[in-house]
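Chemist: Chain F is fixed; fit chain R onto it per the hints.
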Amino acid sequence: MIVTTARLAMLTLILALGVVAPAVAQPAGTLVVGLVAEPVNLDPAQVTDLNSNRVGRRIAETLVTFPEESTRIVPGLAESWVVSKDGRRYTFKLRKGVSFHDGTPLDAEAVKFSIDRQINPEHPFNKLGKYPFANFFFGNIKAVEVVDPLTVEFVLKEPRASFLAVLTAGAASIVSPTAVRKYGQDYALTPVGTGPFKYVSWERGQRVVLERNPSYWRFPLKLDRVIYRPIVEDQARLTELLTGALDLIVGTPPDYVGQLEANPKVTLLKQVGAHVWYLGINNQRKPFDDKRVRQALNYAVNKDAIVRDVLKGTGSLSVGPVLPKTWGADGGLKPYPYDPERARKLLTEAGYPGGFTTTLWVPESGSGMQSPVAMSTVIQSNLKAVGVNVSLQTMEWGAYLAKLRSKDQELFALSWMAGNEDPDMVMYPLLHSSQWTPNGPNRALYKNEKFDEILHQARLTTDEKKRADLYRQAQRILVDDPPWIFIDHEIQTAAHAKRVQGFKLHPSFDLRVETISLR
Amino acid sequence: MRRYLARRLLLLVPVLAGVSIVIFMVLHLSPGDPVEIMLGSQATQEDRARLRGDLGLDQPLHVQYVRWLGHVVRGDLGRSLWMKRPVLAEVLGRFKATLILTGTALVLSTVVGIALGVASASRPHSVLDRTSTVASLFGASMPAFWLGIVLMVVFALHLGWLPASGMYAPYGGGDLRDLLAHLVLPAVTLAAASVTIVARLTRAAMLETLSQDYIRTARAKGVVERRVVLRHGLKNALIPIVTVIGVQAGYLLGGAVLTETVFAWPGVGTLMVQGILARDFPLVQGCVLVVALSFVLVNLAVDLLYAWLDPRIRYE
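Going down the list, the sequences are from chains F and R.
Position one of the first sequence corresponds to residue 1 (this note's numbering), numbered consecutively onward.
Position one of the second sequence corresponds to residue 1001 (this note's numbering), numbered consecutively onward.
It is worth saying that the hints were derived from the structure and are not from the lab.
Here the structure is a predicted model, which is why all the values come from computation and not from measurement.
One or more of the hints may lead you astray.
[As the list claims (entries may be wrong)] DSSO-like mimics (lysine-lysine), calculated; alpha carbons at most 27 Å apart, straight line: (1) Lys345(F) / Lys447(F); (2) Lys182(F) / Lys96(F); (3) Lys182(F) / Lys1084(R); (4) Lys157(F) / Lys450(F); (5) Lys450(F) / Lys291(F); (6) Lys112(F) / Lys1084(R); (7) Lys403(F) / Lys1084(R); (8) Lys157(F) / Lys447(F); (9) Lys345(F) / Lys384(F); (10) Lys466(F) / Lys334(F); (11) Lys1084(R) / Lys127(F); (12) Lys142(F) / Lys85(F).
[To be verified] Taking beta-carbon pairs under 7 Å as the criterion, some of the chain F residues facing chain R (in silico): (13) Thr30; (14) Val40; (15) Gln206; (16) Ile231.
Each residue gets a CB set at the ideal place from its N, CA and C atoms; glycine is no exception.
Extracted from the complex, chain R is given alone in its bound form:
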């Protein structure tokens, strides 16, 4: 087990290196020039050449990449071209906000998704099941920017129950209560699609499990239905559910970009959008590395969960 863990962690290195090369190439090959955007349209050729030299952008791509990598292995992600701030501090500062948002959305989609799925599966074709099917279809089809705005208009503008944007009130506030109030709308928006996916998958997995012979045996033995569903059914249906939740964690990290923009949530997503629009190479690379790293770690956690859930699974 320990060897397996060490091997998986070691594998992080080539994965992150690959991600960094891909993102480096994509950024540099996409049209648009950071110098152009930084200086504005009044700048002369001379200004542009000077700045390009100062930033090292006049070097061949592989030289730029190796230089960047050299800094990264020493724990220095460089300075943002545009904002002139150290990338690492900037990204980590924002990542906290993203973790709060995606973490909440993940918990929300897991709890609500599994509960809905189990309920539907235990009474297939009931009113609840049908309602949840329709709701799932709705949730999965609504883009975050639309759902977010609708929720904002209803709960912030018309009902006045919740703040419309940001992470804390601009003054006062700043405590947990304030944070939670600001978290509700973006977390629900972000979780909406995932809830439905988890619910649908849970329903399918549960239906399959509940039709197994041992479930019939359990019922025949007179085990209470609740115990049949939860202990005998759910626990054995969990493997595919955990897998999809792991995938959803990655999806939520990516989907946070849209939700954060709609709700002015100060996370990595909004930072990454700014960075991409400005062709701020070091900044975008920093953001992507952090997101990629967390995605890989979530996947590892899912793999480890399998072994815990199903004792037959062993890693050597």
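Isolated chain F (complex conformation):
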């Protein structure tokens, strides 16, 4: 009996191994990308997550865009533009001879259609989507006017110097009106744009397939197809890369960085992104309403240790919300040094010689949150060392977001991806007092009148030099009167097989695979 069972088991094992297929040879022009999660929706106007954006931006494009390695603004589907003196009218000249993948020509009507469907409740296609950016990005648009087939004008309600940066957002992508009319609600599943790749198919939970756009206006492509596979588990994504089943992965967890750097089979890339991770402080609550307390907290936290030991180098220290080395950044500012002695002194001056007790809310994970629990645990122990007893409350992301609307927060971990380097796009929403939650994302309930005024002034002028001066003043205010504990800007990582050539990470967190050729 036992012998038979054992024999049977052996036989089954041999049979099982017999069916095991050796890895199929990789087709020459096909790139396989491993995503951290499945895209949700490929209608650019509805995308709020990084993975949908990374795929969707291959399909649809914007009027203005970024060059290869920075987030400065350059022409995209619009070849030139004029801004009126009062800063209220932006007139774009569209590129001639560009067509959508379905053959519809790109014209001013298509631009108007793409934006109008989001902002005009009467638009026949307004009810088909959730349009999360209708107010945040486009609330200031009074009208989109067709001047002639290749000229389109945006009329603003009030001047907004960052408007060009707004138009680089995925939500401002120009979509084929023919396709939206044809597919209706299902456009999100069958997107049509002007981009380097055309949508081919989407097998749920398995892969999204794109194919080269042979008449792409910008440059001829070297890839034939791109396949995106959602693989949530880090180890699985890594294994697939190392065994050659994937060519490129993004979002390598910090713990794997060293392993990948040492592996001769793959190349690891790093690039600081337009992102900020901060420990929010409720500025309206005692004892945090005293700026000395907020300064003390900044001195108390050892950011170097967090970046080095928790993030394994995948973060760059932050002095504030603005990304260092961009046009609006103040290069003279230094991050708060780690100085617990100074922190204790400031707390004593503020009337808390024995420290105090408070609560820190932390999401378990979330878009752009890096390693929230581990980072917060270090912060907790740093603060304990200066007498501030913090109890950590971890929450699931959805529950966390809901809780942050309550205004009951004391300390909270959060991050922001602006997607571009315009200081207005990170400072205004996060710190202007008109943006207090629940109406906007200023969850620290920060209010500094001088700062508010400077940000307002900077929106009115389109002169970049003047704006840069104003933003530098604003950053100095933030260092003196800190709204948060400043932590880091994420250094995004990607790893690819050696056969992948010509790939660069982009600071906007986009994944520009169109530049890739395969060896």
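Modeler: Structure of chain R alone, referenced to chain F:
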């Protein structure tokens, strides 16, 4: 028998209604708001109010439930809030993958579990028995996410024998061979705990049966040992084994959530996790209904099996 079957099938209706009410309440009472998650943190109050109205989430709970139920009885599970796709097509498309995975794991745990159990019971305290006891303890204690990753590192990364994740190769492949190769690791991971439970239970049931008088009689009559163990022993020990296998079927459907996530298996489990994180009410309800339905049907099948195994059991 036919009346019994009809009655059991009719009972499905209140069971599923109960499940749907419970899951509806749990989802709506748990913290987190789909609109918040769908729109992101930059959205204004106005955007949120508009979307909430568009989705009907501003209605009282009972109104939302009745409206949902109204659609369900017409065979329409609604559209996913988040992905905008029809829930029924989405869930059924994924359910096929889950059935393949749990079905394989169930067969695996039944065959291996019973074989191990019978072998242990026929030579109690032998090396094989002791080894299987230790292996059982190990299998039952290993969480799927740990075992899965270990198997992946060994068989995919180091040995390179099997693919690490997914259901088919991203290109080429797509045939049965490809599917089987992708199925091995997740199916073994999923089956591990069940194998041990089935093995332990089979051993216990067999030991009890084998100590019965009629077994001694059979042996005394000179029946060959193999026949004693299989025909006289196993068949009479099967009732509790079938029961536990039925329970395991439900456990495997639930456990598939973890295994599917680890191996990027495109089943209902991964879909349900996405749905829960996004508070996608219609999607989660759809997934739970399908899983609950299959669980109930498996239980019914087990009850019917009893009658077949033991002719003394009759349903009227």
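Chemist: Where does the structure disagree with the numbered hints, that is, which hint numbers, in rising order?
Modeler: Going through the list in order, the structure violates no hint and respects every one.
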